[in-house]
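Here is how the chains run, residue by residue.
Number of protein chains: 2
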Amino acid sequence: MSTPRSAKAFVPGHVTGLFTVHRVAEPARSGSRGAGVTLADGVTVQLEPADQRRVLVDGDPMAVDAVDRVLDALDVSASLRIETDLPLGTGFGLSGGMALGAALAANQAFDLARSENELIRIAHVAEVTAGTGLGDVVAQARGGMPLRLEPGAPPHGELDGIPATGRVEFLALGELSTPDILDERPGIITEAGTEALERLRSQPTPARFMEASRSFADDVGLVTPDLRDILEAVSAAGGTASMAMLGETVFALGRDLSDAGFDPAVSAIDRPGATIIE
Amino acid sequence: MSTPRSAKAFVPGHVTGLFTVHRVAEPARSGSRGAGVTLADGVTVQLEPADQRRVLVDGDPMAVDAVDRVLDALDVSASLRIETDLPLGTGFGLSGGMALGAALAANQAFDLARSENELIRIAHVAEVTAGTGLGDVVAQARGGMPLRLEPGAPPHGELDGIPATGRVEFLALGELSTPDILDERPGIITEAGTEALERLRSQPTPARFMEASRSFADDVGLVTPDLRDILEAVSAAGGTASMAMLGETVFALGRDLSDAGFDPAVSAIDRPGATIIE
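Keeping their order, the protein sequence lines are chains A and B.
Numbered per this note's numbering, the first sequence spans residues 1 to 278.
Numbered per this note's numbering, the second sequence spans residues 1001 to 1278.
Rather than coming from a laboratory, the hints here were simulated on the basis of the structure.
In silico negatives: residues of chain B with every beta carbon more than 12 Å from chain A:
1) E1026
2) P1027
3) D1041
4) R1054
5) L1056
6) G1174
7) E1175
8) P1186
9) E1195
10) S1215
11) T1224
12) A1233
13) A1236
Covered stretches of chain B, going by a simulated chain A footprint (3 or more residues, C-beta under 8 Å):
14) 1198-1211
15) 1265-1275
These numbers were taken from a predicted model, which means no experiment stands behind them.
A virtual CB, placed ideally from N, CA and C, is assigned to each residue, including glycine.
Model the full structure from these sequences, guided by the hints.
As structure tokens, then:
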């Protein structure tokens, strides 16, 4: 054990296109099947040992339950400066990203000697227990365009990926209340998500991911009128857009939003997945 | 299916520090447990559909058995230009890298709609069947500092990782004959590798990886006199170097070779793992 020092981690944003809900007694085995896309934009977590715990998000003090649970699980006292270029609460998996970034940075700063799978598991359990997400952490750890074949953290969950690179566009309109939706319709979501994932697995390409996400959004009835207008405009222009699960956010690959006349934010498919930064 | 086009993939080099040998009837279940480090230097594979198969490595025609087996398995006819900054045949996992790069690029160029796990499995099976490697492909797909907990390709194998970034130094002296060594002493290798991996898993840090690799190299008796001189000089300078399995190559993290007065080649720990390049 050397002297604690500052450490920094990056975790990609993650937009879920389709998903299922699996809640069991053990949080590490709870989670979600589904598919999504990770983004080159995400969260950076700068962590320093400190007598008093303190979490700043984009400069403002914020209580992030999943982050607190990670620091408790690792038994460290630290000050965190978290920054993101993505909008909070609109379906980019940022609470999971903050939890995973905190775990990676704490491991580095305090020489905790945990493996990557252990840190992913700690962040996943924190996120599930906090009730703020089910499948972002494992996807963010992998990067790319992850397929969540089996729910849960390592060694329970199982991942695959769709080979993909390139531009991602999005328009974030606002928040959707995550817990309400998940509590009210888990059965409908899981039925639609299972079907969409099976279709996608038979032809795992970026184009099919967008189509499966769009069908899923329609099936689960979460598309707000404002979102629907945009999705239909993109379809009319020959593209495919869908809705981030769960936020009032539209996303598309390539230039499908631009080509339909919108002025979207632009990111790219992330490759590396979550990582400490030197 | 759109018109076949050119595609390009990058696969990191992989230096194995310690390993075990598991050969069973099914190549996808054969492989190796162990630990290694992937490098930001590796192989790029540029693939174009062509009537006649052709493989150039750094400009020269070369028969790479594992690459041929990948192209056969995917049933494509293509011309490949493979380039690498790493020395061939000296323990950097380049045949596995070429096989995995060919699989990723062929999937992209011919719109084959295979998932990442399927492409990894095809490359792993090609490499195992060609007899040129057991554990490089799955490690190269992950990136970072991979721990191979269970042998084989997805979904059989199981991976973890040591959180790590930073500089890697190496000195490549020459080739070691891979098949002879593996055929003559698989039992000794697997016993030493199992023990070293268990020690490393109890404290998965970069420093312990180097120590475990060094103990493993001593235990299996593969250290040549030239390698031993370098390893001992690095130890005398307070560092830790070990031997790439399998090549007459010394590697170390940070500046441990430079600090002992050598003039090593310099790379860095790769993060992204194998990926198509736009």
